[in-house]
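Visitor: Using the numbering used here, you'd call the opening residue of the sequence shown number 1257 and step up by one each time.
One should not assume that every hint holds.
[To be verified] For lysine-lysine, the following DSSO-like pairs were computed, each having C-alpha atoms within a straight-line distance of at most 30 Å:
#1 1408 x 1391
#2 1395 x 1313
#3 1395 x 1409
#4 1468 x 1409
#5 1504 x 1468
#6 1395 x 1302
#7 1517 x 1408
#8 1391 x 1296
#9 1517 x 1474
It is worth saying that the hints were derived from the structure and are not from the lab.
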Amino acid sequence: MNFHSTEVRQRALALLRGGSKNADVARVLNVPLGTISYWKHMDRAKRGECPGKHDPKCPRCDGRPLAPAAYSYLLGQYLGDGHISHYSRHRVPSLMITCADAWPGIADETEAAVRAVFPDNGVHRLQRTGCQNVKVYSKHLPCLFPQHGPGKKHDRPIALEPWQQEIVDAHPWEFIRGLIHSDGCRITNWTTRLVAGERKRYEYPRYFFTNKSDDIRKLFTNTLDLVGVEWTSLARGSDPFNISIARKTSVALVDTHVGPKH
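Please model the entire structure based on the sequences and the hints provided.
Guide: Spelled out as structure tokens, the structure:
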């Protein structure tokens, strides 16, 4: 950790008060931009110059309209690759959805869903090795994602509230899409058959969804039943973590609404 002298901090504040931009001050003084921003915020707070409190409305608490299709997709993403955390240094909790760099289109779709569900909140992408974290801060995250709780999702019960189930029932494909984009995949399987005495190779597409939570897998399969997709459960070892969609008509149906990751 770098520590900066009082002299450096005072010089930075003098430049900031004089109208210099944060980035320019950071570059001139060779101080991280985040540190400069923090110094500026604390200085403005001390002098009573901070802007008014930012208090976005909540669909659950305040009746603000909720984008249901975007929420259904985001709920699927949260149950798969998302988590909510609240660090002691932060005023409000954050939701973070991890998206692999291999699928930039999914990261774009996830960010768009977050912005639609939280239109008055800042949405950020944090680049990490091999992935991007799409992140939003809001004190109302527990209102919109009541499945949040201590520990890992597969170690605690996961059930939808009636209002969430209504949204999923109205927008089932968005929910399925979010779950497959997070914990699913589309692959090409192959097999051989003996035809007229000659062994031939056949290839066919197949979807998999893998999640350690019995409850989340059940939410997935219940929604597949709702839209008429046939599925089977495959055991990995002694645990049925994998849901397979292999029948031709069902794969074609999922292809229409989900398709390969992008």
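Visitor: Could you run down the list of hints and mark each one as holding or not?
Guide: Outcome of the hint check:
1. 1408 x 1391: holds (19 Å)
2. 1395 x 1313: Between residue 1395 and residue 1313 the Cα gap is close to 10 Å, so the pair holds against 30 Å.
3. 1395 x 1409: Holds: residue 1395 and residue 1409 sit about 20 Å apart, inside 30 Å.
4. 1468 x 1409: Holds. Residue 1468 to residue 1409 sits at ~9 Å (cutoff 30 Å).
5. 1504 x 1468: Roughly 26 Å between the alpha carbons, so the hint for residue 1504 and residue 1468 holds.
6. 1395 x 1302: Judged against 30 Å, a Cα distance of about 24 Å means the pair holds.
7. 1517 x 1408: holds (25 Å)
8. 1391 x 1296: Within the cut-off at roughly 23 Å; holds.
9. 1517 x 1474: Distance of about 22 Å is within 30 Å: holds.
The structure agrees with every numbered hint stated previously.
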